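Q: Following our numbering, the numbering of the sequence shown begins with 1 at its first residue and continues without gaps.
Derived from the structure by calculation, the hints contain no laboratory data. If you're wondering where the values come from, they're calculated on a predicted model, not measured in any experiment. Just so it is clear, CB atoms sit at the ideal spot from N, CA and C, and this is done for glycine as well. Fair warning: there could be bad hints in the mix.
Label pairs and their calculated CB-CB ranges [as the list claims (entries may be wrong)]:
| hint | residue 1 | residue 2 | range |
| --- | --- | --- | --- |
| 1 | 51 | 100 | 12 to 22 Å |
| 2 | 42 | 130 | 29 to 39 Å |
| 3 | 116 | 40 | 13 to 23 Å |
| 4 | 139 | 68 | 26 to 36 Å |
| 5 | 83 | 119 | 11 to 21 Å |
| 6 | 79 | 50 | 18 to 28 Å |
| 7 | 130 | 68 | 12 to 22 Å |
| 8 | 76 | 127 | 31 to 41 Å |
| 9 | 142 | 60 | 14 to 24 Å |
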Amino acid sequence: MNSPKQKACVMMRVVVSRNTRAYQGLPSRFGFPFAALPRNGDTIFVIPEESDQTRMTPNGTLGIYRSRDRGGSWERLNQGLPQSGAYANVMRMAMTADTLEPAGVYVGTQGGQILASRDAGDRWEVIFPWLPPVYALETVVS
Numbered sequence: 001m002n003s004p005k006q007k008a009c010v011m012m013r014v015v016v017s018r019n020t021r022a023y024q025g026l027p028s029r030f031g032f033p034f035a036a037l038p039r040n041g042d043t044i045f046v047i048p049e050e051s052d053q054t055r056m057t058p059n060g061t062l063g064i065y066r067s068r069d070r071g072g073s074w075e076r077l078n079q080g081l082p083q084s085g086a087y088a089n090v091m092r093m094a095m096t097a098d099t100l101e102p103a104g105v106y107v108g109t110q111g112g113q114i115l116a117s118r119d120a121g122d123r124w125e126v127i128f129p130w131l132p133p134v135y136a137l138e139t140v141v142s
């Protein structure tokens, strides 16, 4: 799932569809940043945002949500992420996952941070705190 079209189609099917229960367990029904693990398409990640008018993480806490069953249930991942005053804005193409095992998941913010998890989302760290706004990320493994 590397192309923007594929990511957008999956995001709409999983998170936006009113015919599913994909919203249950998420703090909002809005959020564009999305990634799926290339080796396990059942595992997906999303960063909910407050609304289309307020594109920032809800309640000033950064939570990345993971589903291991295509959106049937969600768990909030926050170990290593800022939990106060973290009104992050993440653009729709600024989240990606690599093909390693365990998978790495990466997020770029409009504040110029790149966040990384090298264990499929269990723990996070800021690996670059000082970049210009990040609009898109892509992973390459050689």
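Q: Look at each hint and say if it fits the structure.
A: Consistency of the hints with the structure:
1. Between residue 51 and residue 100, the C-beta spacing of about 35 Å breaks the proposed range 12 to 22 Å.
2. A C-beta distance of roughly 35 Å is found between residue 42 and residue 130, which places it inside the suggested range of 29 to 39 Å.
3. In this structure the supplied range 13 to 23 Å holds for residue 116 paired with residue 40, their Cβ-Cβ distance being about 19 Å.
4. Between residue 139 and residue 68 the CB atoms are about 20 Å apart, so this pair departs from the stated range of 26 to 36 Å.
5. Separation of residue 83 from residue 119 is about 19 Å and conforms to the stated range, judged on CB atoms against 11 to 21 Å.
6. One distance hint, 18 to 28 Å for the beta-carbon pair residue 79 and residue 50, holds here, with the actual separation near 23 Å.
7. At about 33 Å, the beta-carbon gap between residue 130 and residue 68 misses the expected band of 12 to 22 Å.
8. Our hint of 31 to 41 Å for residue 76 and residue 127 is violated, since their Cβ atoms are close to 21 Å apart.
9. Here the CB-CB span from residue 142 to residue 60 is close to 38 Å, at odds with the stated 14 to 24 Å.
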